[in-house]
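In order, the protein sequences belong to chains R and Z. At position 469 of the first sequence the residue is numbered 469 (my numbering), and the sequence of numbers has no breaks. At position 178 of the second sequence the residue is numbered 178 (my numbering), and the sequence of numbers has no breaks.
Simulated from the structure, these hints should not be mistaken for laboratory data. Any given hint could turn out to be false.
Partner residues are not named here, just some residues of chain R that face chain Z (Cβ under 7 Å, in silico) [what the hints assert, rightly or not]:
no.: 1; residue: F229
no.: 2; residue: Q237
no.: 3; residue: V241
Computed list of lysine-lysine pairs in DSS-like fashion (alpha-carbon distance at most 30 Å, straight line) [said to hold, decoys possible]:
no.: 4; chain 1: Z; residue 1: K24; chain 2: R; residue 2: K287
no.: 5; chain 1: Z; residue 1: K55; chain 2: Z; residue 2: K191
no.: 6; chain 1: Z; residue 1: K24; chain 2: R; residue 2: K153
no.: 7; chain 1: Z; residue 1: K122; chain 2: R; residue 2: K92
Each residue gets a CB set at the ideal place from its N, CA and C atoms; glycine is no exception.
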Amino acid sequence: MIMQRCLPMSVFLLIACFATVAFASPFHNHDQPVSANRELEALSNRGIDWPGASQIMRVATLQNYNTRLVVLSTTILGTASGLIGTFLLLRKRSLMGDALSHACLPGIGLMFMMMGALGGDGKYLPGLLLGATLTGVGGVVLVLLIRNTTRVKDDAAMGLVLSVMFGIGVAVLGMVQAMPGASAAGLEYFIYGKTASMVMQDFTLISAVAAAVTVMSMLLFKEFTLVCFDEGYASTQGWPVNWLDIAMLSLVTSVTVVGLQAVGLILIIAFLITPAAAARFWTENLKRMLLLSGMIGAISGWLGSSISALLPRLPAGAVIVVVAATIFLMSMIFGSSRGVLLRMLARRRLNRKVGRQHLLRAVYELIESRKHPEMSDVANVAISMDELLLRRSWTRSELEKLIRIATHEDHIEYYNGKLIRLSEPGFGEAARITRNHRLWEMYLIKHADVAAAHVDRDADAVEHVLGAEMVRKLEEELVKRGQALLVPPSPHTIITGA
Amino acid sequence: MNAPTHPPSVPLAIDDLTVAYHRKPVLWDVDLDIPEGKLVGIVGPNGAGKSTLIKACLELIPKASGHVTIYGQPYRKQRSLVGYVPQRESVDWDFPVSALDVVAMGTYRKLGWLRPVAKEQKELACHALDRLGVAHLANRQISQLSGGQQQRVFLARALVQDAQLYFMDEPFAAVDAATERAIVTLLHELKDQGKTCLVVHHDLATVAQYFDWVVLLNMRVVKAGPTEEIFTKENLKDTYGGRLALLEEAGQRLRYAGIPGSYPGNPGRSQ
């Protein structure tokens, strides 16, 4: 409980801390203009320049004002996009973010033209961002319009709007660059991003948006979750689904717009979606997913911009995306909740267990069939391989593999290719498995309307996921019915051989 | 046009309801008055508009014409009296929430804006899960639930709303026998509390057993009324039309339905 309340709070505090640090110290470092210039150069220079240890140290400890500005900005931006990206992903609107960001470009060009025509500074940033927001939102509205008024599906509408708006944007930028007297240099940074051009104003803007996104995600957590999970139900409960969607997309828009300069409009979608997609591999809990996604976004932003500051040939936006993709790849493989590796291991374990149970039960049932009718105990005698082979639909090599594993697990004492004998623990285990199996079979016969002829196959599948608790319950059930416990006789005739 | 008035004792009154998808009407001139405290089965062939009827009542899809009144008032004013169990397939169960989280969604409306789910709501949700016999699954991630368990979670979510009138869209579809029994028990509990349930139902064999009222629907209301009067072979023929094979099957099932304990199950739908 406390944990859950603290998690979003700590994200917020983290951002607040970053903000304080960055606001407090710009003056502190002005006495190092040389290194400042060097790193600023490094951010814009395209020459080969491998960093030394001291340089890495300086970037890592954020000693330079510009580096600090860029690194902190991208870290905060990563946190915010990770948070809101989670909801975007769960709402299955990932591509909407892409349509939105591409639709920002015409707005930038048009606003530049307008501001220039009115005699102002064409590159006045808030103006440009306002233009980006307007056409970005226009793009989203267009997608919704196309979807709601025609039979064109979501993905086609988004693809259409995305490419058309981007095309218009590129055309407008071309026109702007051809205009006499107006220096449009720098506008193309919005396409691929250029962190080196970031100033204090960007940082302030990003921090403000990140704070808003964090607070809104916390406040509207319940509402956003409901709309993402079941919009129909949400609407019957009187929640304004459309307005909640608009609120969500507004947050996405604001993150996109302030992130344009950092990673550029083509790559911002990766910043929104990748952390959330990576976080999903680690958890089944939405609150934890949000926190993780924010953290992965922050780490991507921080590492990406730091590496870019050290390796001037690499633009920050691209490096950030690559870092995020690396984290995604790691999560996909090693993720503790749905990672590929974990699933593979689990399946392998299950297969081994199933194989072991099949082998031991087959051997036990053979031994049992040898039992002297007047003796009550089943004795651990050797079994011939050929007979065992006929028990199930396994090939000799499959069976030999199972025997190898069982020998390794100390369940088989003796095997010479013809005869096979269980060890003491193996015999005990075989008796236990056979007993569980029969308990379950009987349970199915008594309780479910499954024909007795089909029980064997069903039981094979269920028994292997049967825990100790369930077995105990079955025992009680059967004791109540006064049935033998040790190894109850099989409820159907065992087919011996073929 | 004047909206017809209905006394506040009628849980659901539908007047001249027409619904169309893409210019093609799927429900024509539906007129229905559902009495209080009944378990009502909505029965009809595929594409008859059973789900559409429910969705139109809940304003999830636009009406071409007509009025829906719930306890004498339009739905917008009576949301708190209405519980909804959507089709299980209508949501993505691979969503990072637990069974308890989903059930707690039923309390959101009373909880209101911005306030987080607290202990009280969780207890309500736990209680609802308990009533459906799946309290032990409260913390399980919803994708790990079986079909029947998912259906019970959806029912628990509606239960937590403590509504008067319940709309259930195919709650018996593809569930195990134990879940089917749990749902039937729940329906009877609700009925005993004077609540009304409208249930879209597929399995003709169990209609007479489960419901005391039926609505036979095929793009229009063929017949509606008490099961023993309405659920007859002639009316079923009118509902299912010339689909002879299906009719034959329906006849078979009717025969089964008459013999207690001989319910053969529905191999196409149950697991």
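Query raised in the report: Can you name, in rising order, the numbers of the hints this structure does not satisfy?
Result: The structure breaks hints 3, 4; every other hint is satisfied.
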